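Novice: Each chain, letter by letter, is given below.
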Amino acid sequence: MFRTALRNVLAHKARLLMTVLAVTLGVAFVAGTLVFTSTVSAAYQNSSHKSFDEVDVAIRGGDPRTRTRTTPKLTRELMDRVARVPGVQSVTGVVSGFTAVAGKNGDLVGQGWTTQGANYVATGGARDARYPLKDGRAPHGPGEVVLDAKTAERAGYRVGESVRLSVDGPVRTPRLVGIFTTDSGEVAAGGTLALFDTPTAQQLFGMPGEFSEIDVKAAPGTSQTALAAAVGKVLPKELRTTTGRSLADSQAVMAESRTTSLQTTLLTFAGIALFVAIFLIANTFTMLVAQRTKELALLRAVGATRRQVTRSVLIEAFLVGLAAAVAGLVGGIGIGAAMRPLTSSFGNGGQTLPEGPLAITPAAVITSLVVGIGITMLAAWLPGRRAAKIPPVAAMSSVHAVATPRSLVVRNAFGALITAAGGIGVLGASGSTLDDGQMPMALSGAVLMTGVLVLTPLLSRPFIAAAAPLLRAFGVCGKLARENALRNPRRTAATASALTIGLTLITALTVVGVSSERSIDQKATAALSADYVVRMATYDPLSGTVEKRLGKVDGVSAVSPLRAAPARIAGRDTFVSGIDASTIRSLLRPQFTTGSLAGFGGRGIIVAKDTAQERGWHTGTTVPVTYPDGTQGELTVSGIFQRNDLLRGIVLDTRTLDPHVQTATAEQVLVKTEGGPSDTVKRNIAKALGDSPAVLVQSKQDVSDSIARSMTMMLNILYGLLAMAVLVAVLGVINTLAMSVAERAPEIGMLRAIGLDRDGAKRMVRLESLAISLFGGVLGIGLGVFLGWAGTRLLASDMPGFELVVPWGRLALFLTLSAMVGMLAALWPARRAARLNLLNAIKAE
Amino acid sequence: MSQPPGAHRPVPAPQSLTTQAVARRSTPVAASATDLTKVYGQGETRVTALDSVSVEFGRGRFTAIMGPSGSGKSTLMHCMAGLDTISSGTARIGDVELSSLRDKQLTRLRRDKVGFIFQAFNLLPTLTAAENITLPMDIAGRKPDREWLNRVIDTVGLSQRLSHRPSQLSGGQQQRVAVARALASRPEIIFADEPTGNLDSQSGAEVLGFLRSSVLELGQTVVMVTHDPVAASYANDVIFLADGRIVDSLHQPTADAVLDRMRDLSAAPDRRADLAPDGCSS
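Protein chains in written order, with the working numbering: chain F, 1 to 845; chain H, 846 to 1127.
Pairs of lysine-lysine, DSSO-like flavour, derived with a Cα cap of 30 angstroms:
#1 F:762 with H:988
#2 F:479 with F:843
#3 F:548 with F:523
#4 F:552 with F:700
#5 H:949 with F:762
#6 F:700 with F:609
#7 F:700 with F:104
#8 F:523 with F:672
#9 H:958 with F:843
#10 F:73 with F:233
#11 F:682 with F:700
#12 F:217 with F:73
#13 H:958 with F:479
#14 F:552 with F:682
#15 F:762 with F:843
#16 F:548 with F:700
#17 H:988 with F:479
#18 F:217 with F:134
#19 F:687 with F:104
#20 F:479 with H:949
#21 H:949 with F:843
#22 F:73 with F:50
#23 F:762 with H:958
The calculated label-pair distances, taken between Cβ atoms and stated as ranges, are:
#24 F:382 with H:905: 53 to 61 angstroms
#25 H:946 with F:298: 44 to 52 angstroms
#26 F:816 with H:1061: 57 to 65 angstroms
#27 H:879 with F:302: 53 to 61 angstroms
#28 H:970 with F:382: 19 to 27 angstroms
#29 F:302 with H:1015: 26 to 34 angstroms
#30 H:993 with F:392: 44 to 52 angstroms
Hints listed in this document are in silico derivations from the structure and should not be mistaken for laboratory results.
None of these values were measured; they are calculated from a predicted model.
Every residue, glycine too, gets a C-beta built ideally from N, C-alpha and C.
With the hints as constraints, model all of the structure from the sequences given.
Specialist: This is the structure:
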């Protein structure tokens, strides 16, 4: 059996080409993902372990913004106490926080969260062992900084030049006095690290005289756990110790989880592509079995059992899958290797990935092979079973054993049931709340799609009949194309289905994405009457000086910070917002369900509707409060508003809140100008902050634009990922057409003989391709719009004012795309049809 | 089987055939070949399928081409019908010299001037009988001549079967559809390649009867390749091919006479010893 199967595979090399290609693409996607993510993850792990080499035990304090008044501070006194613990070799006090570094062109270097600043510890003129200096010297005083080598190189700074950087808004320009190297995982991942001397860092990061972390190095012979226990004894009980190893581990876990979620996303799309490939594989094997009816019957006649016949088909599938999987694996490793330099070159000097060897794990190899072979054999299983049902007598029959098309009645009934169930499920789910409806929606969506796929043979007839007037314009070619497309509804359906899947997903995502964009935009800007919103590019807090500076800018009429501070309200620890009650009217117009801004200010607070509902508060409710500094008081709810992007939760007047906050920072600063937004005002605002690289000054329009940009980017990424599924679908159309052309060679030969010219033969194949592709496309777009509509309805339950936006322009584009798929896929088969040697074709009997 | 018309006539010598054909030049000619040579392959595998064949097919006549396997009879038909290229010499349909035509012109010529009947019927399974019959005109984008079409359909006796698909028709009926298709556009000449090869004798006789009546009653020209002496006996003339040359001919043949002639040809197999089959097998 094995030899027969191998011979068959070799004999049908050309016919199996598309199948192999489709599986190869899918497997390459899987293997590429696995190789890339495990390479990155291994490199991250490696670098995070290296970066904690110098730390045996770490003591961490809280974030100065969030910790409560009672948390003990990490002072020098505490550090000295730790230094005296037996087994401690050395102690380092670390101060760190967000620091944005701008390149010479003024743009931010690195990605938000990993742009850090810290202190360079040069005790008694000694160098900081954590940061070996490559060039220059250690920083001294507020006017000096050292940068890591990668950042210096990316930003183009040399020792002696002044660096533009920002910690909390306003720009600073210290002189670069040194360049160091580091193993920090964050720097390796594309972050930046700027170091100041300790007092400067403490000042900059808002913790004078304090440290954010104390790192302890063990004396030789003392284990990390023993040291942690010993150090723990001298600490106040609120402070905890962590060993260096567990710090490294948790950082590795974080890096791992980041790559894992990337991996899951990529594998999902690889899965979709492979799912689409199943249709192609099944089509191919169905055809191969049909072509070999006589041969298989002969095998049965000479004594092969049904099982053996099925097995011979499955062995063929195994061989095809194996070849494709190996090719895919090789291709995938190539993709994995190519992706690293590629991702590094993306973005404005942004993300770089830690260096490390290409990690080809056995798991990746095994997974790729299993997936490739498994998918192929799975798809070939049904055709294999069908092959086994061929009666031995078929071998003797001189009549061409035209397989009688099995009735579609059972299939249609079954499909109608599934479709109905899925449709009702989707409708039902779309009416419920976001939390309850999400899972049922996804499940019913999948069920509905399955149902429609089962029904495609039935749907192909009316669709292609509807296209008949269009096809008729092409005369006899159009008529023949239509008949050919209808000839084998199962094959046409399977071919179109592949395209349907891709287009359903693309359309549904587009509908939801475009609708979301509109409503997110509305949420972000509807309640905003300020002309500009000023914030850090990284969403870190702005220094309290920002609002004061902005208040003095020419043309600015009103300014208010939006603060966030921890407080205990009505017995629960929570974050409260602070806004200036004297200017809020010109900056925001929250929509009140009860009450108004009238009572806001002093002890009067306003509360978002969802928070009020949860807490059972009404206008007039009085609640006890404990401020961050421990002072107690009472607040009265004066209004309940519909929450929006800027204002949510519990909102206090800044004059009430500020006296109780250690350092008043702002999440955002809202600015109203006298003459409305203008380039001059915007420039003045930016100038007031020293054109800081870390600060964004956005008008309402800028906010809308950036929302639109990020939505467009997200959709583009999704389109890119779904492109693989569409590509496989294109291969499927090519495959079907090539199969059909080969099968109908005698017919095409006859047509050519009686006077159809080459162009006519080409046109006939092209129109058939077009009919199939448009069928798949229209079905996918229709299904996608329905699912998109259901999705937006579900989202609307969570976001009031969420409306369906049907992007007609894009839908038309997708339809054009399906037509292009049809034309593209027909290129090669049409050529083959036109080039057919008509004598051979006629004599083929 | 009905007794075919025509009586046994003395055999003319092979050399005199060309002379005879030239002598008939005054009558209108539907298709002709002059020194038609067809060579396949090169070097070691070089095979001369047709060796300087000259022949004329008179208008309004039914000619059968016979010969053993590999004699070149199908090749002759393919070359003269514009389905295959020729190596040297000329082939004409009406006044048109085929080797001067490009593929597109050749296709148009086949569409407008030539009708085909194949051994395997070669109908389109997706079209009804009526649609199959008008296919050449549909391809040309021409309206069929209704009156002629009805006459053709009546002649082949298909008026009750027009809306059927080929799969609903018997082999004989399918071949009758093919005959009607070949006749429908009133071609200059119809080439039939073993039209009865896939049929039982009764259906075969029917189809041959229609071919003959299309010549006698409708004035068509038919050239038929066959290896069946009974089929050949329906023709006005039979020419015999061996080794790529015309070796003999018969006027108004009977099945017996054809059979005798064939037997003579097979009795000299040494003459084709080095000839590989050229695909003209029946």
